[in-house]
Structure formats: structure tokens, C-alpha cells
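Spelled out from the first residue to the last, the chains are:
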Amino acid sequence: EAQVTQNPRYLITVTGKKLTVTCSQNMNHEYMSWYRQDPGLGLRQIYYSMNVEVTDKGDVPEGYKVSRKEKRNFPLILESPSPNQTSLYFCASSFLGKLFFGSGTQLSVL
Amino acid sequence: SQQGEEDPQALSIQEGENATMNCSYKTSINNLQWYRQNSGRGLVHLILIRSNEREKHSGRLRVTLDTSKKSSSLLITASRAADTASYFCATGPQGSSGGTSYGKLTFGQGTILTVHP
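Going line by line, the protein sequences match chains V and E. With positions in the first sequence counted from 1, the corresponding number in the numbering used here is that position plus 2. With positions in the second sequence counted from 1, the corresponding number in the numbering used here is that position plus 504.
If we strip away everything but chain V, and leave its shape as in the complex, we get (with noise of 0.2 Å):
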């Protein structure tokens, strides 16, 4: 089944403790990115990623990283997460301009 996978699906954290957030796409897609979702304020893209080894920061990207190292997999980087992080995130990956999601990452940071 063609699918973005992202994991965990619920993250609870303390500020300052890295943590990492996988997706990975069985798709074959060349285009990856990062949304976070917040009430009031829409889905706000973080990072996006146009294939392997090139990233460019989206909207938001203060506080995160990622890496492309493999065409399947887009990892979310928080190297030091603050409360301002709490978030619903999102990946996602494109074909012909259109958006697959992930079913999501529900982070609380405290």
C-alpha cells in the first residue's frame, strides 16, 4: 500500500532533550516536507526537501533540522526542543503537485 509513514505517532519530552521524528515514503516521490499544525495559525511548512541531499528551509524552520540522505526517508531533527515546539506535526511527500500525508505527530514538550 502506497503510504507515508511517520512515527512516533505521540511524543511527550522535556525541554532540551533531542529527539527525532522518522517518515519514510513508499512511493518512489522525489519531493518531501515538514508541516506543523497549530490552532488558529493552519499547517505552516517547516523544511522541505526536492531529493536526496537537498533541504531547504519552508516557513517556519527556526529550532529544527532535517536530512535527506536516502530518496525513502525525511527525519525531523529537534535538537533542542522548547514548549513553543508543541505541535502537531506533519510529513508529507509530492507527485505532480499534490500532497500524501503522514498520519501524524502529536508532540507535547514541557
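Hints are all accurate, no fakes.
Below, a list of computed lysine-lysine pairs in the DSBU-like style, where the Cα atoms sit at most 30 Å apart:
id : chain 1 : residue 1 : chain 2 : residue 2
1  : V       : K19       : V       : K59
2  : V       : K71       : V       : K19
3  : V       : K19       : V       : K67
4  : V       : K73       : V       : K20
5  : E       : K574      : V       : K59
6  : E       : K530      : V       : K59
Per label pair, the in silico range of CB-to-CB distance:
id : chain 1 : residue 1 : chain 2 : residue 2 : range
7  : E       : K573      : V       : G18       : 43 to 51 Å
8  : E       : N542      : V       : N9        : 15 to 23 Å
9  : E       : T581      : V       : G18       : 47 to 55 Å
10 : V       : Q108      : E       : T618      : 19 to 27 Å
11 : E       : N556      : V       : P85       : 40 to 48 Å
12 : E       : L565      : V       : L43       : 23 to 31 Å
Read the hints as simulated data drawn from the structure, not as lab findings. Remember, it's a predicted structure, so these values are computed and weren't measured experimentally. Glycine included, C-beta positions come from ideal geometry on N, C-alpha and C.
Given the coordinates of chain V, assemble chain E onto it according to the supplied hints.
Coordinates of chain E only, in the frame set by chain V:
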């Protein structure tokens, strides 16, 4: 930055009625898309309309695009309780290579649709 603005913010209807949601945007676009989100889950692509198209249909969905007014509407006909969800419009920027936007979409804040059985 926010591009699409949906209207209304919330819509409550009875099963069998039609639901219409509107989206306005600010800058020129390559395409406009509608997505659906069930309570905290991932968004699902519904339909894409290109800037040179005026209307598109997919099952019970009808989307219109008026580039002169920078607006779009999504009509769901004969709604069902299972249509209860949030609906988002998203715009792809003009000038994208090959007619695609490589997923560089800008989302609105969504319309919450509730369909009562």
C-alpha cells in the same frame, strides 16, 4: 505566510444537504487544491484545479476557480455524516517548473464541516 482564507470557519448542516465552502487567496497561483482532514489525522488530497481551469468535478465534489476574483469554492452535494471533517484549500505558486509546484503549497486555516445524521 497564509495565502488561502476559507469561509465559513465552521459549517453545520443536515445529511442530504449541500455544503459549500469558499477560499480566497492573495497572489497568483499555478493551481489550487482542496484537502480533507479527519480529527487530528493526516490530510487527504481531494481535488486539484489548475489556474487555466474554471470548474472540476470528482464524484460528489465540485470545485470552481475564479482567478479574476482570486477565489475558489468547494461544493459537496448530498452530504453524509461521514463527510464531517475539516476542509482546507491550498495554493501552489505561479512559475513552478513543469507545471507542478513541487508540493510548495500554502494552506488556509480550514472550514470545519459537521454533517448531522
